Amino acid sequence: MSLVISQLINGLQSGSIYALVALGYSMVYGIIMLLNFAHGDIIMVGAYAAWFVMVRLSLNPVLAIILAILACTVLGVVIEKVAYTPLRSSPRLSLLITAIGISFLLENLAQRVFGAGAQKVPALISGPAIEIGGQRFSFIAMVTIVVSVVSMALLTFLVRKTKMGKAMRAVSEDMGTAQLMGINVNLTISFTFAVGSALAGIGSILYSCAYPQASPTMGAMLGLKAFVAAVLGGIGSIPGAMLGGFCIGLAEAIVSAVGLSVWKDGVVFAILIVVLVVKPTGILGRAIREKV
Amino acid sequence: MLKTMLKVNDINVYYGSIHAIKGVSFSVERGEIVTLIGANGAGKSTILNTVSGLLRSKTGSVSFLDKPIGSLVPHKIVAGGLAQVPEGRRVFLNMTAEENLEMGAFTRKGAEAAESLADVYMRFPRLKERRKQIAGTLSGGEQQMLAMGRALMSKPELLMLDEPSMGLAPILVEQIFEIIKELNAAGVTILLVEQNAQMALSIADRGYVLETGRIATSASASELLNNDAVKKAYLGG
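Order-wise, the sequence lines are chains U and R.
Residue numbers are given in our numbering: position 279 of the first sequence equals residue 279, and the series is strictly consecutive.
Residue numbers are given in our numbering: position 205 of the second sequence equals residue 1205, and the series is strictly consecutive.
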């Protein structure tokens, strides 16, 4: 029984990180129909930023966390402005290829600057194990789950209740009409990238707590799994991304628990294939008609 | 107070290599209802979208209240007092009626927006009843009212309506045109684009007849209603 619970917590821990990253994929897809494959690499940049602040600048963990999230946010907006905005009216394939290009650029730049090997990220968060009902839970797992859930609740509030959040929904539904309403579409899109990247930054910190090293390609697999989570939940849907993230995390935990941990990654991509064949719109996604 | 509200001078708009609007000029004076009539594909919506800043003209100029707006981005134009109710209503289907209205007041401050909301609910009591309802579940007539209410939320001096009668039952069309007249009486200048020429000319002061991207005729609405060529082409004989 206690093994089941501890596997469940493991699943929720990695699932909440996938969910945070999946949200960025889904929000960006919702607003400009772009699969931003550079999104995973933002996590890598966040991990290096935390490492740099703590090891090279010898500053404290709190500052490292704040600066890492800030670095991710700024990077997300800069990528949008430099790489995607000029292609706003280009075919979607050009955007997609550009996103893949940015991903390679970031990975290779990291390798050039920090070397191909991994850097050890010092502990950003630490605390004693938490005991609930005789069961001990790792402090980091608990922090990860709580921080993710709180972030998602804040995001839901932002999107449903604030003026900017409503503008995001309006732009993602009908960009032309949103402009006629007086909504500054460019600002709204940048804001969406900022929020998505900040969530990836939070994910990056939580990931670095669980796997404390930064390497140039660490974001690639994590990003791909988060992408699967976004598709599973229904790409473009915010609750879908959250649900998809937790499902992928739990699926991995279950596969590991039954002793098939070598199949962990395989199962995630098997889920992608099944979703695309059986229900391409995902669990909560809606089929949208192509705009003419 | 300035008399000329909107002045469009010699605009040429292209979609790729297609020359959609060919040297169109027209004006709208304060307090008027002006209509642009013409067949499907004549370029009526293209003209409105150019005035709104969604499309750009290669030549000429567009000025609103004597200020050039031809190179402004759409949200600046809306903030200046020029709103459009787009063709096909284009309400945000996944948002509630009230959220749609809030989007219409995007350029305005909280207190002003609240005031506009009260005004719109006064004019369209039906929208108040449906305020929490998702716009996609409203009827066609309600969606048209929502689209108009949403445009009014920015408190425009000039309201441009693109085919407000489209797809509505005759009784609703009359209701919508009644509302347009009321808005005009309340001081909103109207530029109305319509395929339903009879209806449009019956409430308008002046009209322009558009044919394949050019203005073919312009005259007072009563003259156009009695013009033989117009009668034959747009008024069913």
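One should not assume that every hint holds.
Claimed, not checked - To spell it out: a stretch of chain U is covered by chain R in this simulated footprint if at least three of its residues, at any positions, have a beta carbon under 8 Å from a beta carbon of chain R; those stretches are:
hint: 1; stretch: 161-168
hint: 2; stretch: 246-259
Unchecked claim - Below, computed lysine-lysine pairings styled on BS3-like, alpha-carbon distance capped at 30 Å:
hint: 3; chain 1: R; residue 1: Lys-1109; chain 2: U; residue 2: Lys-161
hint: 4; chain 1: R; residue 1: Lys-1076; chain 2: R; residue 2: Lys-1109
hint: 5; chain 1: R; residue 1: Lys-1132; chain 2: U; residue 2: Lys-163
hint: 6; chain 1: U; residue 1: Lys-163; chain 2: R; residue 2: Lys-1076
hint: 7; chain 1: R; residue 1: Lys-1022; chain 2: R; residue 2: Lys-1231
hint: 8; chain 1: R; residue 1: Lys-1155; chain 2: U; residue 2: Lys-163
hint: 9; chain 1: U; residue 1: Lys-161; chain 2: R; residue 2: Lys-1132
hint: 10; chain 1: R; residue 1: Lys-1181; chain 2: R; residue 2: Lys-1132
Simulated from the structure, these hints should not be mistaken for lab results.
If you're wondering where the values come from, they're calculated on a predicted model, not measured in any experiment.
All C-beta atoms in this analysis are idealised placements derived from N, C-alpha and C, irrespective of residue type, glycine included.
How does the coverage statement for the stretch 161-168 of chain U fare against chain R, requiring three or more residues with Cβ below 8 Å from a Cβ of that chain?
Three-residue rule met by the stretch 161-168 of chain U, so holds; n is 3.
For the pair supplied as a hint, Lys-1109(R) and Lys-161(U), confirm whether the alpha-carbon distance does not exceed 30 Å.
Within the cut-off at roughly 16 Å; holds.
Against the 30 Å threshold, does the CA-CA distance of Lys-1155(R) and Lys-163(U) hold or violate the hint?
Holds. Lys-1155(R) to Lys-163(U) sits at ~18 Å (cutoff 30 Å).
Please verify whether Lys-1181(R) and Lys-1132(R) have alpha carbons no more than 30 Å apart.
28 Å, holds
Would you mind confirming whether the straight-line C-alpha gap from Lys-1132(R) to Lys-163(U) stays at or under 30 Å?
17 Å, holds
Proposed proximity, Lys-1231(R) with Lys-1022(R) (alpha carbon, max 30 Å):
24 Å, holds
Within the assertion that chain R covers the stretch 246-259 of chain U, do at least three residues meet a Cβ-to-Cβ distance smaller than 8 Å?
As far as the stretch 246-259 of chain U goes, the hint is violated, because 0 residues have Cβ atoms under 8 Å from chain R.
Is the straight-line distance between the alpha-carbon of Lys-161(U) and that of Lys-1132(R) 30 Å or less?
13 Å, holds
30 Å limit on alpha-carbon distance, applied to hinted pair Lys-163(U) and Lys-1076(R)
Cα-Cα ~18 Å, so holds.
Quickly compare the C-alpha distance for Lys-1076(R) and Lys-1109(R) to 30 Å and report which way the hint goes.
Holds, because 15 Å separates the two Cα atoms, which is no more than 30 Å.
Violated hints amount to a single one, hint 2; each of the other numbered hints is respected by the structure.
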